[in-house]
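Colleague: Here's the letter readout for the chains.
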Amino acid sequence: MSIEAKDIYKIAAHHRFQWEKAQDCYVILFPEGMVKLNGSAGEVLNLVNGESTVESITEVLSKKFIEAPNIAKDIEGMIELALDKSWIEKVN
Amino acid sequence: MEIDKKNNGVSASTTATQPLWLLAEITYQCPLQCAFCYNPTDFDKHTQNELDTESWIKVLRQARDLGAAQLGISGGEPLLRKDIEEIVTEASSLGYYSNLITSGAGMNEKRIDALKDGGLDHIQLSMHDITEEINNFITNTKTFKLKQKVAAMIKDRGYPMVLNVVMHRYNIDHIQEILEMAEGLGADYIELANTQYYGWSLVNRDQLMPKKEQVENALKVTQKFRERPDNKMKIFFVVPDYFEDRPKKCMNGWGEVFMIVTANGDVLPCHSARVIPNLEFPNVNDSPLKGAWYDSPAFNKFRGDDWMQEPCRSCSEKENDLGGCRCQALLLTGNAEGADPVCSKSPDRHIIDQAIKDSQNPGVEAKPIIFRTNANSKKIDKGDEKDRLAKFHATP
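First to last, the sequence lines map onto chains A and B.
With my numbering applied, the first sequence has no gaps in its numbers, which climb one by one up to 1168 at the end.
With my numbering applied, the second sequence has no gaps in its numbers, which climb one by one up to 722 at the end.
No wet-lab data here; the hints were simulated from the structure.
It cannot be assumed that every hint is accurate.
To be verified - With a cut-off of at most 20 Å between alpha-carbon atoms, the simulated DMTMM-like pairs for lysine to aspartate or glutamate come out as follows:
{"id": "1", "chain 1": "A", "residue 1": "K1097", "chain 2": "B", "residue 2": "E416"}
{"id": "2", "chain 1": "A", "residue 1": "K1112", "chain 2": "B", "residue 2": "D391"}
{"id": "3", "chain 1": "B", "residue 1": "K558", "chain 2": "A", "residue 2": "D1100"}
{"id": "4", "chain 1": "B", "residue 1": "K717", "chain 2": "B", "residue 2": "D674"}
{"id": "5", "chain 1": "B", "residue 1": "K371", "chain 2": "B", "residue 2": "D707"}
{"id": "6", "chain 1": "A", "residue 1": "K1161", "chain 2": "B", "residue 2": "E553"}
{"id": "7", "chain 1": "A", "residue 1": "K1166", "chain 2": "B", "residue 2": "D707"}
{"id": "8", "chain 1": "A", "residue 1": "K1161", "chain 2": "B", "residue 2": "D556"}
{"id": "9", "chain 1": "B", "residue 1": "K538", "chain 2": "B", "residue 2": "D499"}
{"id": "10", "chain 1": "B", "residue 1": "K683", "chain 2": "B", "residue 2": "D571"}
{"id": "11", "chain 1": "B", "residue 1": "K384", "chain 2": "B", "residue 2": "D713"}
{"id": "12", "chain 1": "A", "residue 1": "K1082", "chain 2": "A", "residue 2": "E1143"}
{"id": "13", "chain 1": "A", "residue 1": "K1139", "chain 2": "A", "residue 2": "E1165"}
{"id": "14", "chain 1": "A", "residue 1": "K1097", "chain 2": "B", "residue 2": "E509"}
{"id": "15", "chain 1": "A", "residue 1": "K1166", "chain 2": "A", "residue 2": "E1143"}
{"id": "16", "chain 1": "A", "residue 1": "K1086", "chain 2": "B", "residue 2": "D684"}
{"id": "17", "chain 1": "B", "residue 1": "K558", "chain 2": "A", "residue 2": "E1156"}
{"id": "18", "chain 1": "B", "residue 1": "K616", "chain 2": "A", "residue 2": "D1100"}
{"id": "19", "chain 1": "B", "residue 1": "K560", "chain 2": "A", "residue 2": "E1165"}
{"id": "20", "chain 1": "A", "residue 1": "K1097", "chain 2": "A", "residue 2": "E1165"}
{"id": "21", "chain 1": "B", "residue 1": "K558", "chain 2": "A", "residue 2": "E1152"}
{"id": "22", "chain 1": "A", "residue 1": "K1082", "chain 2": "A", "residue 2": "E1127"}
{"id": "23", "chain 1": "A", "residue 1": "K1161", "chain 2": "B", "residue 2": "D409"}
{"id": "24", "chain 1": "B", "residue 1": "K546", "chain 2": "B", "residue 2": "E606"}
{"id": "25", "chain 1": "A", "residue 1": "K1112", "chain 2": "A", "residue 2": "E1156"}
{"id": "26", "chain 1": "B", "residue 1": "K550", "chain 2": "B", "residue 2": "E506"}
{"id": "27", "chain 1": "B", "residue 1": "K537", "chain 2": "B", "residue 2": "D710"}
{"id": "28", "chain 1": "B", "residue 1": "K717", "chain 2": "B", "residue 2": "D368"}
{"id": "29", "chain 1": "B", "residue 1": "K693", "chain 2": "B", "residue 2": "D674"}
{"id": "30", "chain 1": "A", "residue 1": "K1166", "chain 2": "B", "residue 2": "E606"}
{"id": "31", "chain 1": "B", "residue 1": "K475", "chain 2": "B", "residue 2": "D439"}
{"id": "32", "chain 1": "A", "residue 1": "K1082", "chain 2": "A", "residue 2": "E1119"}
{"id": "33", "chain 1": "B", "residue 1": "K627", "chain 2": "B", "residue 2": "E606"}
{"id": "34", "chain 1": "A", "residue 1": "K1086", "chain 2": "A", "residue 2": "E1143"}
{"id": "35", "chain 1": "B", "residue 1": "K371", "chain 2": "B", "residue 2": "D556"}
{"id": "36", "chain 1": "B", "residue 1": "K442", "chain 2": "B", "residue 2": "E411"}
{"id": "37", "chain 1": "A", "residue 1": "K1112", "chain 2": "A", "residue 2": "E1127"}
{"id": "38", "chain 1": "B", "residue 1": "K538", "chain 2": "B", "residue 2": "E435"}
{"id": "39", "chain 1": "B", "residue 1": "K712", "chain 2": "B", "residue 2": "D368"}
{"id": "40", "chain 1": "B", "residue 1": "K560", "chain 2": "A", "residue 2": "D1083"}
Work the whole structure out from these sequences, hints included.
Modeller: In structure tokens form, the structure reads like this:
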């Protein structure tokens, strides 16, 4: 599935995304599993909220990480992965 | 063939030594009497000294501070305790992803609503077969209709539906029908957990173990079911290690990610660790979880690979399985530091091959199953089943 600029995603049903202090990272929790997210994956999923478009997520993160050259592509890749793993669902 | 290998339910992505998963074995009382229960056979003596609500809440807080995020509330049958709702509410406010692991006994509309309000994230329901006859036989109780009813309640409340089916020779040939039933009930996940031989299931091993061909067929059926284009159900097939030639990476490593607190407050790295002699496990009544996890001799005993003996120590594959299961090595060979005898490189592999042979001796059907009851627990503890247990190096 290709990711479009106007797409909106949310954390999938039965999944929970949260910050873990002891682990110092974001995690996804679901029945029988827990995945620790690395820094950039966590930043992306933190903005996947059922309201923001991929375009607006990219805008926010481009401002935050000015030195990252291919950030739009990285974000798309991360959303693709999260979709493939069923951590997120498409809203629109 | 690709199989979802899981280590007793642990599927964390890391090996950092933080307890990510807390299993609260909150009571050993259970109305069911399953022949394959992995609880220790001496559970009866721990039914009088269960932790109270306040102690459990303390345990939840301490484990959360250490990093635990997944919480399993198990037993026995956890719903026999009246304070599950209170415990769940506390777990939810602490930020756990909480899972009630139940037979369904004790569930009703009022309780499931209270659990939902308290923030319980999911319920894992055990199922046994498509037939009432096998369900009632293996659990030694009339619980078939109850399970169907509870499954409907779980679905109705919008929980993810997670079914767990322990597989053995009496139900493994029904795997297609079991998968169809699960799908019909709207299951999101189903775990087909081949019996692992600990506790009561080790006592009844000869009566429970399927034939190798049955396991192979079950795998094929499962794979075919999973590959249907419209399949939505996540299916985990937990392979029976006896039929493999490499052991499982038990618990993802001793004291790596998994922590169990038992009904009486013992803190364990795995369900059956107490079978290992000369290891004293911490108890939450005496020591905080932090010390138990990081500093107790028991939790450090099999961390990493310094403890390994040959053939594990110099084995090029040792990181894959960390030598397998310490409890299985002890129970079957008498040496907790040796290779898990499942491994074809173990000098004790013949013990597993003999067990497979014994289980397929037609005479075995004549020996009665010993069901998981308080009376049988007392009997085994007294030494009444010495003959049957003579081949094991500890009481399972």
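Colleague: Hint by hint, say whether it matches the structure.
Modeller: A quick look at each hint next to the structure:
1. A/K1097 with B/E416: holds, 18 Å
2. A/K1112 with B/D391: Since the Cα atoms of A/K1112 and B/D391 sit roughly 17 Å apart, the hinted pair holds (cutoff 20 Å).
3. B/K558 with A/D1100: violated, 33 Å
4. B/K717 with B/D674: The hint holds at about 13 Å.
5. B/K371 with B/D707: holds, 9 Å
6. A/K1161 with B/E553: Within the cut-off at roughly 17 Å; holds.
7. A/K1166 with B/D707: Violated - the C-alpha atoms of B/D707 and A/K1166 are around 56 Å apart, more than 20 Å.
8. A/K1161 with B/D556: With a Cα-Cα distance of about 17 Å, the restraint between A/K1161 and B/D556 holds, given a limit of 20 Å.
9. B/K538 with B/D499: With a Cα-Cα distance of about 12 Å, the restraint between B/K538 and B/D499 holds, given a limit of 20 Å.
10. B/K683 with B/D571: holds, 16 Å
11. B/K384 with B/D713: Violated: B/K384 and B/D713 sit about 42 Å apart, past 20 Å.
12. A/K1082 with A/E1143: violated, 25 Å
13. A/K1139 with A/E1165: With Cα atoms ~25 Å apart, A/K1139 and A/E1165 exceed 20 Å; violated.
14. A/K1097 with B/E509: violated, 38 Å
15. A/K1166 with A/E1143: Roughly 29 Å between the alpha carbons, so the hint for A/K1166 and A/E1143 is violated.
16. A/K1086 with B/D684: violated, 53 Å
17. B/K558 with A/E1156: With a Cα-Cα distance of about 19 Å, the restraint between B/K558 and A/E1156 holds, given a limit of 20 Å.
18. B/K616 with A/D1100: holds, 18 Å
19. B/K560 with A/E1165: Since the Cα atoms of B/K560 and A/E1165 sit roughly 17 Å apart, the hinted pair holds (cutoff 20 Å).
20. A/K1097 with A/E1165: violated, 26 Å
21. B/K558 with A/E1152: With Cα atoms ~25 Å apart, B/K558 and A/E1152 exceed 20 Å; violated.
22. A/K1082 with A/E1127: The hint holds at about 11 Å.
23. A/K1161 with B/D409: Between A/K1161 and B/D409 the Cα gap is close to 36 Å, so the pair fails against 20 Å, i.e. violated.
24. B/K546 with B/E606: Violated. B/K546 to B/E606 sits at ~43 Å, over the 20 Å cutoff.
25. A/K1112 with A/E1156: Between A/K1112 and A/E1156 the Cα gap is close to 17 Å, so the pair holds against 20 Å.
26. B/K550 with B/E506: holds, 12 Å
27. B/K537 with B/D710: Violated: B/K537 and B/D710 sit about 29 Å apart, past 20 Å.
28. B/K717 with B/D368: holds, 18 Å
29. B/K693 with B/D674: violated, 26 Å
30. A/K1166 with B/E606: Violated - the C-alpha atoms of B/E606 and A/K1166 are around 51 Å apart, more than 20 Å.
31. B/K475 with B/D439: Satisfied, since the Cα-Cα distance of roughly 15 Å is no more than 20 Å.
32. A/K1082 with A/E1119: Holds - the C-alpha atoms of A/E1119 and A/K1082 are around 19 Å apart, at most 20 Å.
33. B/K627 with B/E606: Holds, at about 11 Å.
34. A/K1086 with A/E1143: Since the Cα atoms of A/K1086 and A/E1143 sit roughly 27 Å apart, the hinted pair is violated (cutoff 20 Å).
35. B/K371 with B/D556: Judged against 20 Å, a Cα distance of about 49 Å means the pair is violated.
36. B/K442 with B/E411: Holds - the C-alpha atoms of B/E411 and B/K442 are around 9 Å apart, at most 20 Å.
37. A/K1112 with A/E1127: violated, 24 Å
38. B/K538 with B/E435: violated, 42 Å
39. B/K712 with B/D368: The given pair, whose Cα atoms are some 14 Å apart, holds under the 20 Å limit.
40. B/K560 with A/D1083: Violated, at about 26 Å.
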